[in-house]
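From first to last, the protein sequence lines are chains A and B.
Heads up: the first sequence begins at 119 in this note's numbering, then just goes up one per residue.
Heads up: the second sequence begins at 119 in this note's numbering, then just goes up one per residue.
The reader is advised that the hints may include incorrect statements.
Incomplete in silico selection of chain B near chain A, CB under 8 Å [stated by the list, open to error]:
1. 266
2. 326
3. 344
4. 352
5. 363
6. 371
7. 390
8. 526
9. 527
No more than 25 Å apart at the CA atoms, straight line, and that leaves these computed lysine-lysine pairs for DSS-like [what the hints assert, rightly or not]:
10. A:349 <-> B:121
11. A:394 <-> B:141
12. A:394 <-> B:481
13. A:141 <-> B:141
It is worth saying that the hints were derived from the structure and are not from the lab.
For every residue, glycine included, the Cβ atom is placed at its ideal position computed from N, Cα and C.
2 protein chains.
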Amino acid sequence: MPKINAERLLSNLRRFAQFGAYKTGVHRPTYSREDMDSRRWLAQQYEAVGLQAHIDGVGNVFGTPRSDRRSLLIGSHAESQNYAGWLDGALGVIYGLEIARTFAETPDCAGLPIAPVAWADEEGHYVSMLGSRSFIGDIDEAEIDRAVNVDHGLTLREALRGAGLAGVPRSLLEPERYVGYLEAHIEQGDALEASSKRIGVVTSIVGIWQYSIVFHGIQNHAGTTRMAIRKDAGVAAAMLAMAIARRFPQVAGPRSVWTTGRISLEPGAPSIIPGKAEMLFQFRDSEMSVLQQLDAVLRELVEETAITTGCSAEIEQTETGKPCHMDPAFQNAIENAAARHAHDAYVRMPSGAGHDAQVVARKLRSAMLFIPSIGGISHHWTENTDDADLVLGCQVLADSAETILRDEEPPGLSG
Amino acid sequence: MPKINAERLLSNLRRFAQFGAYKTGVHRPTYSREDMDSRRWLAQQYEAVGLQAHIDGVGNVFGTPRSDRRSLLIGSHAESQNYAGWLDGALGVIYGLEIARTFAETPDCAGLPIAPVAWADEEGHYVSMLGSRSFIGDIDEAEIDRAVNVDHGLTLREALRGAGLAGVPRSLLEPERYVGYLEAHIEQGDALEASSKRIGVVTSIVGIWQYSIVFHGIQNHAGTTRMAIRKDAGVAAAMLAMAIARRFPQVAGPRSVWTTGRISLEPGAPSIIPGKAEMLFQFRDSEMSVLQQLDAVLRELVEETAITTGCSAEIEQTETGKPCHMDPAFQNAIENAAARHAHDAYVRMPSGAGHDAQVVARKLRSAMLFIPSIGGISHHWTENTDDADLVLGCQVLADSAETILRDEEPPGLSG
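In isolation and in its complexed conformation, chain A is listed as follows (with noise of 0.2 Å):
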């Protein structure tokens, strides 16, 4: 059995939070300076394990096991969100690595090939699981060409030059090289906590729907418009939010998730009545029928709030993701392991969460492991998980790739 070295697991966290170190946690944009240096650190260890390493033309790091056989990807995405947490994707990169480095030290597990990959974007600076949409073929030229930081405006282009990646080809998943893909990763929730358990099997990846509404009115002097012919596009954004507060619990599933995440209002002047109001909002699931159900009562509450308010209204819906199932003999792999290291303390779970394996697994048989976040907290530099899960987590992982590679080798080659 592959033994993981939980000192080296725990050093190179610690070590790869240091790139982009804020507080407690780190701020490491998608291919800032901090980010690159990271990639780079990435691709030396993964060179270091005896793996042919390589950084593609959108900063995905991949070790290609010298090997004939299929290999299994291990791996997450290397970005924070801005000032973030430590542990929130390079959790998962850093299993890939410790992963592949066991299995090399492992005379049994030295045969079994993994391959440790670092996705870039995941956490959408530029466009949401960029890396791992790319690795697919599920981007082309044109949407590269549109894509601007969310923050500053930097187009994707220039951030790409600047980050040394002009000319560099995208490296395509070329299917039949791999058994699959497992992603690690903080749960990013209490529910693990909440209910005593160290593990998570993840079930499925919910879907996210995602909005931009924007409320017209007129813009107007805050002090000389009388509030009878006010048309007060901010009055509209907060009357949507709050009648989607009352509605929402009334159609939502039992697990259902949604936030009005920003509201600007224009021109912004505190003696200015608000001309043009705009919203992101999203909604999540994994259940279809309950995302196209919530899809159609928010439609009706702008359609309400319009009429009301006397605001026109637009809804576009920016985002619209599937909600994906795990691999049920991965679960099965992972479930096996963790009742194995953790005892009772596992559970299979949805993930809230979006995260590469969903675009993976739209190719690749995939499958999610979850640990703990301390309180629950996520996307926050306060974010944290006790060593021992975070030891815990990659052991499982670890003997959940043997089980998944040992299936996978040609009969009579078995142990």
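On the provided structure of chain A, position chain B as indicated by the hints.
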């Protein structure tokens, strides 16, 4: 009687709108190149009328009559809101210039000294009513040291240096040199238009009470955090906005107005539950008792919202303007002139907007005249007024100025 030159008035208004022209309006923020160009142009015009012109240390432009007699200040502010109307401020400034010139050219009026003035930053790009407050001695160097631009964060000191005003002294009011202050302004609302009036005789200027309200929730992942455990600061902000919309009409006066001009959610990303929400909120009324009542209700609603949402709340009052009453004799002078030129198309009314006149009124007898805004539109580049009303307003103000100055003439010199 002074007879203004209608063609010259309109031509100068249009010339002035070329400084920072934007669509059919202007973009002339305080101390921008366009703003300073317009101030230097004004100083030249003042000189051409035979006045002694100077620009003081905060950009106020004064045209001082070469006369021993007490003069009448007439003006308004020269800068604009961002991408806003061509008449807001500029109207009163160009009226002052036209009336000074008319009086100089009218033999019967040549001895009645008009002192045109153009204040700086009434619009508060740095400090609301900076110029008039500086003139009456209501601002100290420490406040100037602290001030920064609300849009781009440049400090006021840097802006003054860039405008060539570093080290230039600020002119301080010597009250004994002036009879009083007149200011003309577009109404910026639709009360005149809706009642087919052409002149508003301002009775009082509302008090503006302004607040920064901050809710602190818990920033977390928008996919993995169950609805039941969320503390969403954005939901708190929307809830407060709706509570205000419900409760304020029950306690407001007939002319009270209230506005949420800005809502900022942090971090403002689609997949992150906002951990912080900031609202800029203000209300206005001409009665102190109403202002106090609205303040009490607002604080109640903020507290209720915090309790309901589990967020913590801070409320900071950033502006507490007192309602200000205009000089009764000056009001009569304007009303009589309006009756002469506009028959019954005038009305006494409070000002819902703040104006430099409320600052100057603390030290000098002051009054204001309004002309209609087409469609009530203001603080937007489509703001406009009929030419006939532009001309009428200036003639009424000229007549009012004559009456006020003749009432001040030493006994024995009056006609």
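Could you tell me which of the numbered hints above are not met by this structure, giving the numbers in increasing order?
Hints 1, 6, 8, 9, 10, 12 and 13 are the ones this structure does not satisfy, whereas the remaining hints hold.
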